Amino acid sequence: MANQSLHNYFFEKYCISITQEDEDEISKIISDKNIPKEEVKVIFSFYNRNRNKMPEIKELSDTRVNHVKARLKKFGAEKVKEVILMASKSEFLNGINPSQWKANFDWIMKPTNFIKILEGNYQNKSNGQQSSGPKRNR
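Sequential numbering from 12 applies to the sequence shown in our numbering.
In case anyone wonders, no lab produced these hints; they're calculated from the structure.
Computed from a predicted model, the values in this text were never measured in an experiment.
A portion of the hints provided could be inaccurate.
Claimed, not checked - Keeping only pairs whose Cα atoms sit at most 20 Å apart, straight-line, the calculated SDA-like set for lysine to any residue is: (1) K121 x N77; (2) K52 x S72; (3) K85 x E67; (4) K113 x S56; (5) K85 x N45.
To be verified - Ranges of calculated distance between the beta carbons of each label pair, as one might list FRET restraints: (6) S110 x G87: 12 to 20 Å; (7) P47 x W112: 20 to 28 Å; (8) S137 x E70: 19 to 27 Å; (9) F57 x K127: 13 to 21 Å.
No residue lacks a Cβ here, since even glycine has one placed at the ideal position from N, Cα and C.
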């Protein structure tokens, strides 16, 4: 629904005007409903089956659901699965690093981290050495 028609709907139905901020929030809610809960659950299950040494998801919080919906909306299910697989193959993200830190589902689904993984910043080095973290432009 375009913002102008959303504005008209509220004005005609309730005789009220809504702000741009209200329109943006309503549009977000409407668009999120287009992603079925089942599709979100598929992503959670896919992560748990392919997580390698990263921690298992035990609870489907609203925050997690919203993060997955946002990634699905922007990239689609296949890209989200691809990023999960890329993370599962990364030695660095699976604890083979000096601090033994491991990525978790929430970290992977953060927009900036998701993009870094997708762009290959956490791929293992091809010469057999373990990754030392994200690739940096020099």
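Now the hints, each set against the structure:
| no. | hint | verdict |
| --- | --- | --- |
| 1 | K121 x N77 | 11 Å, holds |
| 2 | K52 x S72 | 11 Å, holds |
| 3 | K85 x E67 | 24 Å, violated |
| 4 | K113 x S56 | 19 Å, holds |
| 5 | K85 x N45 | 12 Å, holds |
| 6 | S110 x G87: 12 to 20 Å | 33 Å, violated |
| 7 | P47 x W112: 20 to 28 Å | 34 Å, violated |
| 8 | S137 x E70: 19 to 27 Å | 37 Å, violated |
| 9 | F57 x K127: 13 to 21 Å | 20 Å, holds |
Hints 3, 6, 7, 8 from the list above are not met by this structure, while the remaining hints are.
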